[in-house]
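Engineer: Full structure from sequences and hints, please.
Chains as they are written, first to last, in the working numbering: chain W, 1 to 158; chain B, 1 to 158.
Hints were generated in silico from the structure; no laboratory data involved. Please note that a few of the clues may not be correct.
A pair counts as met if it fits within one copy or between any two copies, since identical chains are not told apart.
Derived SDA-like pairs: lysine to any residue, alpha-carbon spacing no greater than 25 angstroms straight-line [stated by the list, open to error]: (1) 154 / 4; (2) 136 / 39; (3) 64 / 92; (4) 136 / 126; (5) 148 / 47; (6) 98 / 75.
Keep in mind it's a predicted model, so treat the numbers as computed, not measured.
Now for the letters of each chain:
Number of protein chains: 2
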Amino acid sequence: MYRPIGIIHSPYREAAKTPIQPKYAPGIRAQIEIFPEYIEGLKDLNGFSHIYLIYHFHEASSPKLRVVPYLDEVERGIFSTRAPNRPNPIGISIVAVKAIEGNKIEVEGCDILDGTPLLDIKPYVERFDHIPDTNKGWHEHISEETAKRKGSRKENNP
Amino acid sequence: MYRPIGIIHSPYREAAKTPIQPKYAPGIRAQIEIFPEYIEGLKDLNGFSHIYLIYHFHEASSPKLRVVPYLDEVERGIFSTRAPNRPNPIGISIVAVKAIEGNKIEVEGCDILDGTPLLDIKPYVERFDHIPDTNKGWHEHISEETAKRKGSRKENNP
Chain W
1 MYRPIGIIHS PYREAAKTPI QPKYAPGIRA QIEIFPEYIE GLKDLNGFSH IYLIYHFHEA
61 SSPKLRVVPY LDEVERGIFS TRAPNRPNPI GISIVAVKAI EGNKIEVEGC DILDGTPLLD
121 IKPYVERFDH IPDTNKGWHE HISEETAKRK GSRKENNP
Chain B
1 MYRPIGIIHS PYREAAKTPI QPKYAPGIRA QIEIFPEYIE GLKDLNGFSH IYLIYHFHEA
61 SSPKLRVVPY LDEVERGIFS TRAPNRPNPI GISIVAVKAI EGNKIEVEGC DILDGTPLLD
121 IKPYVERFDH IPDTNKGWHE HISEETAKRK GSRKENNP
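Structural biologist: Now the structure itself:
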């Protein structure tokens, strides 16, 4: 049984208008509020330029094993996508740390809905986490231009 | 409330002898057993060379907010480390997919204890997940040679 360690405050209040990845939310700021009992665990985090936020997709609809990903037009297995309506609705985003003060972390590149419960933070460590020369499955046929245009969800914003 | 979607079968039966990251477990194979009711969600996963495994650190000791990371000699805030004894003991590993057959995924580069409950699988997508030019916090002063030597945990093996 996991319990939130904090809450993510972002400008996004509607799932359909929330960018699908931090990459497609450049410049978007969010504030991570860490509950006071966990502040001590933030020590040394300020040396890292990027962190993983691990959170609960609190507004995910009921799980589906096949979904049409936002970037694609074909039904795919849920585990080959980042869609929120997963058997265990756990989300992961890599965001840039701009400032840490007390129990607040200011981050940039936010693709997370306002009010999302935060479960964990881990440092992004390039030597662990950068895998060069990967095969990208169904992403291979999605151009970067399409990913950027659709992924920003700007079309859904007025 | 999350429920396991499968079980990770690996050669590692003792935490102290388990490599700290997939990178330091080159060539090590593991079998991921997916429970039958989730098999349909594996569709399209075989096109990706790498996946995130998201799992429950089932043998983690009680949470600590400061720990001495395995690679370091100084106490650090838990959220600046990948240590398992976190407030929510969720682990993340990026592993290479070697084969998917039925409800079995054969992966390579395994740093996960045998019997670990699997919570989620996500595709590793380089355009989302590779962050170049990062600051690496306390990792900056750990040489790659030291990381490799300590991270493999070979010293703990006979």
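Engineer: Each hint: holds or not?
Structural biologist: Right, here's what the structure says about each hint:
1. 154 / 4: neither (30 angstroms within a copy, 36 angstroms between copies)
2. 136 / 39: Cα proximity of residue 136 and residue 39: across copies only (20 angstroms, versus 38 angstroms in one copy).
3. 64 / 92: both (18 angstroms within a copy, 22 angstroms between copies)
4. 136 / 126: Result: close both inside a copy and across copies, 19 angstroms intra and 8 angstroms inter.
5. 148 / 47: Between copies, since 22 angstroms is at most 25 angstroms while 29 angstroms is not.
6. 98 / 75: Result: close only across copies, 23 angstroms inter versus 37 angstroms intra.
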